[in-house]
Amino acid sequence: MIETDYLNGMNLGLGYNTMTNSVHPAVALDNINDIRAVVNATGQKVYFQLELLSNSLSLSEQLKMSASASLSYGTTSGSAKAQFISSFKQNSFTVYVLVRVHVENQQTLLDLTSAKMNDKVALMYATDIIGFTNLYGDSFVYGILSGGDYFGVLEIESKSAEEYRSIKASLSGKAMFGVISGEAAGSFEREIRKITTSYKMKATIYRDGAEGVLQGISSDQLIQEAIAFPNQVLGGKGVPFSVLLLPYTQIPHPPSQTIGQTGDPYCLENFGKYYERLIRQRNDLQYAIENQQLFPGLPVTEVNERLDKIQNEIEKVKTAARAYSSNPYVCPVVTVLDELFVNLIPQQVIPSRLGHKWYWTMGAWFALFVRDGDTNIFKGDFKLGTDVIKASLEIHESGNDLFIIRRDETNFPWDRHDDTVYKGFYTSENTAEGVDLKDGSITWNAKIEN
1 MIETDYLNGM NLGLGYNTMT NSVHPAVALD NINDIRAVVN ATGQKVYFQL
51 ELLSNSLSLS EQLKMSASAS LSYGTTSGSA KAQFISSFKQ NSFTVYVLVR
101 VHVENQQTLL DLTSAKMNDK VALMYATDII GFTNLYGDSF VYGILSGGDY
151 FGVLEIESKS AEEYRSIKAS LSGKAMFGVI SGEAAGSFER EIRKITTSYK
201 MKATIYRDGA EGVLQGISSD QLIQEAIAFP NQVLGGKGVP FSVLLLPYTQ
251 IPHPPSQTIG QTGDPYCLEN FGKYYERLIR QRNDLQYAIE NQQLFPGLPV
301 TEVNERLDKI QNEIEKVKTA ARAYSSNPYV CPVVTVLDEL FVNLIPQQVI
351 PSRLGHKWYW TMGAWFALFV RDGDTNIFKG DFKLGTDVIK ASLEIHESGN
401 DLFIIRRDET NFPWDRHDDT VYKGFYTSEN TAEGVDLKDG SITWNAKIEN
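Numbering of the sequence shown is given in my numbering, commencing with residue 1 and proceeding in unit increments.
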């Protein structure tokens, strides 16, 4: 038995081709309106899931979305889950945390004691297995599971390779990941809040059940909606979210060639894996282009040429997949182009936050320093009333820490050496503060403008 995502129009008894992930609307079975109750399946089952995704492809893996199903979304309408996954431009520089609430209300199963092939269908099965498979698929919908799925993904962008590793290490150490029973909703909420209060992030959800819409929301909203979701899909508010498939060989049938021998069961899956690699590589390159300040030395022209080649290859894979879906007895040849995955992206670094202008205050003194080109030298005038002193700042960064040398072209009113050294740190993306290294009682602060 196979469980797969529910697609619009699926119903008990409908045919399904597991090699092409396609629904066959023709029904090969009689008595498909006979259903049976599921023993010990009363009540609502709720599972809370919190997972740190180890790489940008593992969102598909955590949601049990096969590579072939992912590719199917790229060539056809696809399922709600595939739509949600494809909405992310996943890349290798963002940390993803999956928040999922899975609710099972009930199961509806065919009564296999009465479901059977009629004489005409049985004859076709025995004498023309290829024609049978084209019309009815190799399996049928045996059961439908209803309830709802709430998917949320927290995206935490890193600014450097070191920060990426630090975020993942921090999350791995502080959060309780895994599947949590419905009784542990309080623990689930506490664990999400540990994450959302520590990082700036984007939250995106998909509700399959209740009112299903794809949207970006705040992390607080995500927590509230996730906890409330089970009550929203009680009773008639639930929706079918997955189906159980059985091969026709599991019900009485005449002797015939084995359906599994009529095609390559790995063809579409292999296409899907290649397709996912191409999508990930494309997204990584696009991210680097859009954030060039994080990747100094990025060969932009070469990257754009690579993106064109990758897009052409994506179209080739989709064309091959469509051809196989139309004729699952011949798997088109698609050669994996390893040269498309040779790395072009330099080491990710934290971009300089020096900006263009520093509005500097130090006691009663005020100065506007303007950056000299792309250097770390800023020039300006210190002012106090009618006193004006021309000076320059040589600013050095080390992470959040700052080391600044001030050189005066004219002397201060009091006796002091020309070069003054300050230490300090960034207090935000556009503010900094610190002290005179020689006299800690002298403090300064600056507002930074790009």
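In case anyone wonders, no lab produced these hints; they're calculated from the structure.
For clarity, every value in this text was computed on a predicted model and none was experimentally measured.
Among the hints, a few may not be true.
[Said to hold, decoys possible] Keeping only pairs whose Cα atoms sit at most 25 Å apart, straight-line, the calculated SDA-like set for lysine to any residue is:
{"#": "1", "residue 1": "K120", "residue 2": "T94"}
{"#": "2", "residue 1": "K202", "residue 2": "P255"}
{"#": "3", "residue 1": "K379", "residue 2": "T431"}
{"#": "4", "residue 1": "K379", "residue 2": "F425"}
{"#": "5", "residue 1": "K316", "residue 2": "N343"}
{"#": "6", "residue 1": "K383", "residue 2": "E433"}
{"#": "7", "residue 1": "K379", "residue 2": "T443"}
{"#": "8", "residue 1": "K357", "residue 2": "G399"}
{"#": "9", "residue 1": "K438", "residue 2": "K318"}
{"#": "10", "residue 1": "K383", "residue 2": "H356"}
{"#": "11", "residue 1": "K357", "residue 2": "N450"}
{"#": "12", "residue 1": "K194", "residue 2": "L145"}
{"#": "13", "residue 1": "K194", "residue 2": "G143"}
{"#": "14", "residue 1": "K159", "residue 2": "M362"}
{"#": "15", "residue 1": "K423", "residue 2": "N450"}
{"#": "16", "residue 1": "K318", "residue 2": "Q347"}
{"#": "17", "residue 1": "K423", "residue 2": "Q347"}
{"#": "18", "residue 1": "K273", "residue 2": "T94"}
{"#": "19", "residue 1": "K309", "residue 2": "Y329"}
{"#": "20", "residue 1": "K357", "residue 2": "N376"}
{"#": "21", "residue 1": "K318", "residue 2": "R306"}
{"#": "22", "residue 1": "K159", "residue 2": "K120"}
{"#": "23", "residue 1": "K168", "residue 2": "E191"}
{"#": "24", "residue 1": "K318", "residue 2": "L354"}
{"#": "25", "residue 1": "K309", "residue 2": "N270"}
{"#": "26", "residue 1": "K390", "residue 2": "K318"}
{"#": "27", "residue 1": "K357", "residue 2": "Y426"}
{"#": "28", "residue 1": "K159", "residue 2": "H356"}
{"#": "29", "residue 1": "K168", "residue 2": "S158"}
{"#": "30", "residue 1": "K120", "residue 2": "N31"}
{"#": "31", "residue 1": "K45", "residue 2": "T94"}
{"#": "32", "residue 1": "K116", "residue 2": "I156"}
{"#": "33", "residue 1": "K383", "residue 2": "L354"}
{"#": "34", "residue 1": "K318", "residue 2": "R277"}
{"#": "35", "residue 1": "K120", "residue 2": "Q106"}
Status of each hint after checking the structure:
The suggested pairing of K120 with T94 is violated, with an alpha-carbon distance near 56 Å, which exceeds 25 Å. Of the pairs offered as hints, the one joining K202 and P255 is violated, with about 56 Å between alpha carbons and a cut-off of 25 Å exceeded. Proposed proximity of K379 and T431 is supported: the alpha carbons are some 18 Å apart, at most 25 Å. Annotation: proposed proximity of K379 to F425 holds, straight-line Cα distance about 20 Å (limit 25 Å).
Between K316 and N343 the CA atoms are separated by roughly 22 Å; this keeps the pair inside 25 Å, and the hint holds. Restraint check for K383 and E433: satisfied, since their Cα atoms lie roughly 19 Å apart, inside the 25 Å limit. Restraint check: the Cα-Cα separation between K379 and T443 comes to about 20 Å, which is no more than 25 Å; the hinted pair holds. A distance of roughly 19 Å separates the Cα atoms of K357 and G399; the hinted pair therefore holds under the 25 Å criterion.
Restraint check for K438 and K318: not satisfied, since their Cα atoms lie roughly 67 Å apart, outside the 25 Å limit. For the given pair, K383 sits about 20 Å from H356 by alpha-carbon distance, which is consistent with the 25 Å threshold. Distance check on the hinted pair: K357 and N450 sit about 7 Å apart at the alpha-carbon level, within 25 Å; holds. Taken as a hint, the K194 and L145 pair is broken in the structure, with Cα atoms around 33 Å apart against an allowance of 25 Å.
Our distance criterion of 25 Å between C-alpha atoms is broken by K194 and G143, whose separation comes to about 39 Å. For the suggested pair K159 and M362, the alpha carbons sit about 31 Å apart, so the restraint of at most 25 Å is broken. At roughly 22 Å between alpha-carbon atoms, K423 and N450 fall within 25 Å of each other, so this suggested pair holds. A distance of roughly 32 Å separates the Cα atoms of K318 and Q347; the hinted pair therefore is violated under the 25 Å criterion.
This hinted pair does not check out: K423 and Q347 have alpha carbons roughly 28 Å apart, beyond 25 Å. With a CA separation close to 21 Å, the supplied pair K273 and T94 stays within the 25 Å bound. With a C-alpha separation of about 29 Å, the suggested pairing of K309 with Y329 is violated against the 25 Å cut-off. A C-alpha spacing of about 11 Å is found between K357 and N376, which places the hinted pair at or below 25 Å, so the restraint holds.
Of the pairs offered as hints, the one joining K318 and R306 holds, with about 18 Å between alpha carbons and a cut-off of 25 Å not exceeded. With a C-alpha separation of about 65 Å, the suggested pairing of K159 with K120 is violated against the 25 Å cut-off. For the hint linking K168 to E191, the alpha-carbon distance of about 15 Å falls within 25 Å, and the restraint holds. Note on K318 and L354: the hinted pairing is violated, with a Cα-Cα distance of about 46 Å set against a maximum of 25 Å.
For a cut-off of 25 Å, the pair hint linking K309 to N270 stands: about 20 Å separates their Cα positions. Under the criterion of a C-alpha separation no larger than 25 Å, the hint pairing K390 with K318 is inconsistent with the structure, at around 65 Å. Between K357 and Y426, the direct Cα distance comes to roughly 15 Å. Compliance with the 25 Å bound is thereby established for this hinted pair. The suggested pairing of K159 with H356 holds, with an alpha-carbon distance near 20 Å, which does not exceed 25 Å.
A threshold of 25 Å between alpha carbons decides the hint, and for K168 with S158 the separation of about 10 Å falls inside it, so the pair holds. Distance hint between K120 and N31 is fulfilled; the C-alpha atoms sit about 15 Å from each other, no more than 25 Å. For the hint pairing K45 with T94, the CA-to-CA distance comes to about 32 Å; that exceeds 25 Å, so the pair is violated. As the CA atoms of K116 and I156 are separated by approximately 52 Å, the hinted pair breaks the 25 Å bound.
Our distance criterion of 25 Å between C-alpha atoms is met by K383 and L354, whose separation comes to about 22 Å. Distance hint between K318 and R277 is fulfilled; the C-alpha atoms sit about 13 Å from each other, no more than 25 Å. For the hint pairing K120 with Q106, the CA-to-CA distance comes to about 34 Å; that exceeds 25 Å, so the pair is violated.
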